[in-house]
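J.: Here is how the chains run, residue by residue.
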Amino acid sequence: MIEAELSRSVARWCPGATGVTGAAKLSGGASQETWRFDIVHPDGPIGAILRRSPKGYGAAPTRAAGLGAEAQLMQLAYEAGVPSPRVMHVLTPEDELGTGFIMQRVEGETIARKILRDEEYAAARPLLARQIGGILAGLHRLPQDKLPALRSRGATQEIGEFERDYRSLNWPKPVFELALRWLRDHDPGPAAETTLVHGDFRNGNLIIGSDGVRAVLDWELAHLGDPMEDLGWVCVNSWRFGEIDKPVGGFGTREELFAGYEAAGRKVDPARVKFWEVMGTLRWGIMCGGMMQRFREGPDHSMERAMIGRRASETEIDLLRLLAPRGS
Amino acid sequence: MQDEPTPIELTKAVADFLRSDITPLISGHQAFKLRVAINILELVTRQLTREKESDAAEVERLRTLLGIDGSVTELNRALAERIAQGEVDLTTPGLAEHLWATTMDKLAVDQPNYASYKRELSRGG
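Residue numbers (this note's numbering), protein chains in the order written: chain A, 1 to 328; chain B, 329 to 453.
One or more hints might be untrue.
[Said to hold, decoys possible] Which residues of chain B face chain A? A few of them, derived with a C-beta cut under 7 Å, are:
| id | residue |
| --- | --- |
| 1 | L353 |
| 2 | A365 |
| 3 | N404 |
| 4 | Y442 |
If you are wondering where the hints come from, they were derived from the structure by calculation, not from laboratory data. Because the structure is a prediction, the values reported are computed rather than measured. Note that CB positions come from ideal geometry on N, CA and C, so glycine has one too.
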């Protein structure tokens, strides 16, 4: 059914397109969906992705930048040479597809465990940590006068926000309290330079091929803030998928990440990166608690959501390894 | 006293049935959901097996650390408050050891295959 609307849409903005085939939903919550499809074209099929909020679901969650901003950021990144899908079309009311955008489909793998284990990526893996450093440097240099309106968040505000989220769960966790104390004691204050921050740059949100990173996805948590936040988040143990001795997404070392970042002409502050890694670990732990709460109270009474509540303890052991390491 | 089999034995029997008899019959998203269901039953089995002993040890440590008595929930709440107020921190004798022991007991139930847990376990629990 969505193919009819997509066919009418592509006919308007893709010269030569005669329709679409193979529309399939890849993921979707109540408010946001991702579809893949092929545009039928005399020169051969064009792989495409639709990201949209269906009609009637306009409101984005408070932390999200919104699909319009996401499209703008991806296009800016694409133009600046940061690996990103090309945005082909931003939805208009006459598309009758809700709000969102259509982008070029980039072939490759996003499933972290496959990227870390499959032979196909073996040659790329040792290069990824350094490459990610270079990509983040490019992302943090995107021209600020061209950015869409984004929320602005520094370290101090984030601590306050996470503390509020945690307290609202009424879920006394001594390890989380310890992490909150540590964060307050080590709050680095405002960054020397405020830049665009991707906000969810990690293994799982990158399309990777045998040649390395092909695209950075999921810009919905983009904001203005401390660029070191992205470097810390990509190192959070939850995104190493078992490869715990390779902090950068299970691919490589912090030194490689930092070298790639600095080779691209930007400066790293390792103490700030550590601060954001602790913050990120706590952030994921509190999000696990939020999922548990939605399982209990909300419409999503799924087993998967329930089990994510039981993953908070993973962040507790990781916080202890960061803040109270035992002798080796 | 309730009759037997015990909840541990019953839960395990259901998990075994789902794994051996149902898993081969289904595929796709339903197979994924089934794996989650089996994981849940295995978690419940681990908790039923370990919880009584680990809670008792946790309460003992908390009583020593805080100098008060209470249920495991009450004592955890009290510890959380004292850390929040800065009355207890990592320089407090016994706090780091307590948090490590408690966290290891949780991982043993929640995610015994989590790499950080296996690493710490190899250090001697």
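J.: Can you verify the interface hint for A365/B: is its Cβ closer than 7 Å to any Cβ in chain A?
T.: Holds. Min distance 6 Å.
J.: With a cut-off of 7 Å on the beta carbons, see whether N404/B makes it to chain A.
T.: Interface hint status for N404/B: holds (5 Å vs cutoff 7 Å).
J.: The hint names L353/B as touching chain A; please verify it with the least Cβ-Cβ distance against 7 Å.
T.: violated (19 Å)
J.: At a threshold of 7 Å, is the proposed contact between Y442/B and chain A supported by beta-carbon distances?
T.: Status holds, d = 5 Å.
Checked against the numbered hints given earlier, this structure breaks only hint 1.
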